[in-house]
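Protein chains in written order, with our numbering: chain A, 57 to 334; chain B, 2 to 231; chain C, 384 to 623.
It cannot be assumed that every hint is accurate.
So the derived list for chain B, only partly shown, Cβ under 7 Å to chain A, looks like this [what the hints assert, rightly or not]:
1. S83
2. G176
3. F181
4. D197
5. L198
6. R224
Covered by chain B, according to a simulated footprint, are these stretches of chain C (three or more residues, beta-carbon under 8 Å) [what the hints assert, rightly or not]:
7. 407–420
8. 456–465
In short, the hints are calculated from the structure, not lab data.
These figures come from a predicted structure and were not determined experimentally.
Think of the CB as a built atom: it goes at the ideal place given N, C-alpha and C, for glycine as much as any other residue.
For reference, the chains in residue letters:
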Amino acid sequence: MLTRRHIITVTAISTILLAAPTAFAQDKSIVVASTTSTQDSGLFGHILPLFKAKTGIEVKVVAQGTGQALDTARRGDADVVFVHAKSAEEKFLSEGFGVKRFPVMYNDFVIIGPKSDPAGIKGQKDVAVALKTIKDKGIPFISRGDRSGTHIAEINLWKAVGIDIAKEKGPWYKSIGQGMGAALNAAAASNAYVMSDRGTWISFKNKGDLVIAVEGDKRLFNQYGVMLVNPAKHPHVKKELGQAFINWLISPEGQKAIADYKINGQQLFYPNAGDPSA
Amino acid sequence: MSGDHSALELVLTADPALIAIVRLSLIVSLSAVFFSALVGVPFGALIALTRFPGREGVIVVLNALMGLPPVVVGLAIYLMLSRSGPLGEFGLLFTPQAMVIAQTVLITPIIAALTRQTIEDLWIEYRDELAAMNVGPAGRVATLVWDARFSLVTALLAGFGRAAAEVGAVIIVGGNIEGFTRTMTTAIALETSKGDLPLAIGLGLVLMTIVVAINALAWVARRGAERYAG
Amino acid sequence: MRAPLSNLPVQFDDVGVVAGGVTILDSISLTFTPGAPTVLIGPNGSGKTTLLRAAMGLIKPTRGRVTWAGSDMMPPLRRAIVFQRPTMLRRSAVANLHYALANAGIGRAQRSARAAELLELVGVGELGERPARKLSGGEQQRLALARALARDPEILFLDEPTASLDPAATKAIEDVIRAVVARGIKVVMSTHDLGEAKRLADEIVLMHRGRIVESGLVAAFFAKPRTQEAKQFIAGELLV
Chain A
57 MLTRRHIITV TAISTILLAA PTAFAQDKSI VVASTTSTQD SGLFGHILPL
107 FKAKTGIEVK VVAQGTGQAL DTARRGDADV VFVHAKSAEE KFLSEGFGVK
157 RFPVMYNDFV IIGPKSDPAG IKGQKDVAVA LKTIKDKGIP FISRGDRSGT
207 HIAEINLWKA VGIDIAKEKG PWYKSIGQGM GAALNAAAAS NAYVMSDRGT
257 WISFKNKGDL VIAVEGDKRL FNQYGVMLVN PAKHPHVKKE LGQAFINWLI
307 SPEGQKAIAD YKINGQQLFY PNAGDPSA
Chain B
2 MSGDHSALEL VLTADPALIA IVRLSLIVSL SAVFFSALVG VPFGALIALT
52 RFPGREGVIV VLNALMGLPP VVVGLAIYLM LSRSGPLGEF GLLFTPQAMV
102 IAQTVLITPI IAALTRQTIE DLWIEYRDEL AAMNVGPAGR VATLVWDARF
152 SLVTALLAGF GRAAAEVGAV IIVGGNIEGF TRTMTTAIAL ETSKGDLPLA
202 IGLGLVLMTI VVAINALAWV ARRGAERYAG
Chain C
384 MRAPLSNLPV QFDDVGVVAG GVTILDSISL TFTPGAPTVL IGPNGSGKTT
434 LLRAAMGLIK PTRGRVTWAG SDMMPPLRRA IVFQRPTMLR RSAVANLHYA
484 LANAGIGRAQ RSARAAELLE LVGVGELGER PARKLSGGEQ QRLALARALA
534 RDPEILFLDE PTASLDPAAT KAIEDVIRAV VARGIKVVMS THDLGEAKRL
584 ADEIVLMHRG RIVESGLVAA FFAKPRTQEA KQFIAGELLV
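Given only the sequences and the hints, what does the whole structure look like? Please build it.
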């Protein structure tokens with residue numbers, strides 16, 4: 057028989073359960089939509105505690121591909137967006153979803169491949185030629201395929217050597233639609249080439265037989281930018297806290313924190329907030 | 002949770018990040034079971050005990066919904082809770098509450114379908130006697146649910162297992178935010194994508210151990226209680 | 384306490400029951416009045432169980448009316464039935480009784496005493512705490528009787544109460560039935576066993592293929608059966 061005692065007990069438990077997770081929540085917090093490569097590199101684990109110690113603001117990072125991160129921001133589900141695809145970011149601004157774009161840091165992409173180098177491109181200085189060689193020889197190549205900054209950069213490199221990869225790909229080209237880590241895993245497992253950002257590569261733990269095949273080409277330069285989601289479009293955006301984060305990132309303190317992040321003594325990201333052309 | 006430690010080290014040193022992740026996983030999935038039971042058990046019992054046009058169709062659909070893909074549920078809830086969605090004003094996206102909601106939606110059909118089957122089977126047994134004792138509709142539901150409680154607990158455990166094991170729903174609506182919405186399964190997905198496969202497998206074993214422990218606890222409780230019943 | 388309601392007499396007016404295209408009861412007209420036990424006899428499939436259920440109010444006739452004290456809307460208070468294969472609730476024996484008492488409107492304060500009394504009456508006094516489903520067939524039958532008696536019935540229907548029991552258990556149940564009769568409760572039961580019919584009945588009703596073939600006081604029925612079917616049945620030759 058359903059007694060009043062039962063109803064009170066159930067209501068009490070429900071309230072506790074619904075409230076409990078909120079106990080974890082910080083009132084002074086922002087949501088930053090960023091990319092999986094930035095997260096996988098471990099950069100946030102290094103710089104966010106410093107930011108919190110200074111301002112008391114909790115930064116919650118939702119890591120997706122660049123395209124997805126920008127869409128999340130368009131929907132108003134993030135306060136700040138921090139990605140690495142300048143053309144996509146400028147489109148975002150022109151649509152009115154962002155307030156202003158600030159360059160923050162850069163790293164570079166590298167072409168990763170098997171130690172045995174089946175395409176014979178190791179040490180090649182021209183990355184577009186290297187990619188063309190891979191295509192001509194039909195050597196397996198893993199693509200992110202997820203509208204991420206890395207994916208967009210990859211498409212542009214194919215274009216640089218006159219290849220419209222969407223139309224001209226073959227069975228050797230495997231588009232997996234996932235993040236950088238998954239792509240590297242796939243490359244390691246199938247002895248394929250893959251384009252990766254250096255940060256993820258350095259911190260990646262399943263390198264297997266893979267090594268860096270091509271690096272240093274200026275076109276492999278990878279710029280990161282940060283934007284506040286436009287409160288005019290989404291009034292609930294935490295604009296003061298979000299702007300505080302942006303200001304810190306481009307401040308000397310934030311820039312130093314970025315530069316200080318190293319894995320095995322290797323610096324992963326190079327701060328360049330002061331570069332107007334970035 | 003530093004990637005330089007094995008899962009075993011993290012367990013033995015009671016690493017705070019690991020504890021937070023385990024705690025969140027349990028709170029989210031157990032909460033989902035609680036709310037699913039609140040909705041699913043009465044609903045399943047109702048379907049079992051009433052006759053209405055289209056009843057067979059409802060049962061088929063309910064059984065089919067047990068196989069709802071978690072990632073589809075996650076996507077649907079995401080679109081509803083997004084700021085641009087119908088329930089956006091509550092700001093629930095990327096919070097543990099959203100994860101509870103998604104998992105509740107995911108496992109309510111399981112609990113409802115299993116409840117319906119259990120109650121219907123017991124109803125066939127009890128029907129005559131309850132009619133002969135002039136038991137009204139509310140009394141019938143209460144009696145059947147109480148007498149079938151052990152089978153219903155199994156249904157709840159099935160729901161819990163499904164919730165604790167899934168990653169598709171919680172990662173989409175939760176965002177896998179470190180220290181906030183990262184659960185065991187989303188942490189495993191993350192470590193896998195970072196290439197730290199040993200840690201990922203280790204976390205998987207920790208998760209399985211916890212789920213086995215919960216099932217063992219339920220089993221012991223059932224054995225103890227069964228001695229007092231029929 | 385509630386005002387005493389009456390179920391009696393229970394009257395069948397040209398009752399027919401058809402289910403799934405099959406006629407189970409046909410043109411049944413009879414009356415159960417307070418007093419000595421009525422025993423339904425007849426081969427398998429003759430409709431005894433259905434008649435008892437209809438008299439209890441569990442089945443609505445497809446033709447004709449069943450009335451209790453003149454009303455066909457009588458709620459099943461103070462009447463009870465024990466099915467041929469009773470189902471025990473998944474609880475202890477005494478909990479089963481408490482359940483029946485609660486649903487019969489007996490107040491919480493009186494239930495323990497009544498339950499103990501009923502368990503004693505049917506002879507399972509020490510088995511109260513045992514899980515009801517773990518009792519033997521005969522013990523479950525007696526517990527089912529206790530459950531029925533918990534409803535403080537004016538009229539008690541028993542569907543082949545000793546059909547699946549050994550001779551010792553059969554005797555035990557028959558003793559309880561006599562005790563019940565002695566309390567003034569009208570007993571209507573069905574049986575396969577002619578000997579049992581003779582032992583317990585005052586009035587006999589012979590059924591065959593859904594109809595009442597012959598009825599009368601027990602001594603007259605067995606000494607001077609009037610119909611052909613009755614003669615055949617007594618001789619053990621009426622099987623279906």
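Now for the hints, and whether the structure bears them out:
1. Checking S83 (chain B) against chain A: minimum C-beta separation of about 5 Å stays under 7 Å; hint holds.
2. Interface restraint check for G176 (chain B): the shortest CB-CB distance to chain A comes to about 4 Å, inside 7 Å, so the restraint holds.
3. Hint on F181 (chain B) holds. Least Cβ distance to chain A is approximately 6 Å, under the 7 Å limit.
4. Taken as an interface hint, D197 (chain B) checks out: its beta carbon lies about 4 Å from the nearest beta carbon of chain A, inside 7 Å.
5. Interface hint status for L198 (chain B): upheld, as the beta-carbon distance to the closest one in chain A is roughly 6 Å, under 7 Å.
6. The restraint placing R224 (chain B) at the interface with chain A is violated, with a minimum CB-CB distance near 25 Å, outside the 7 Å limit.
7. Under a criterion of three residues with beta carbons nearer than 8 Å to beta carbons of chain B, the stated coverage of the region 407–420 of chain C fails, only 0 such residues being counted.
8. Only when three residues or more bring their CB closer than 8 Å to a CB of chain B does the claim for the region 456–465 of chain C stand; here the count is 5, and the claim holds.
Checked against the numbered hints above, the structure violates hints 6, 7; every other hint is satisfied.
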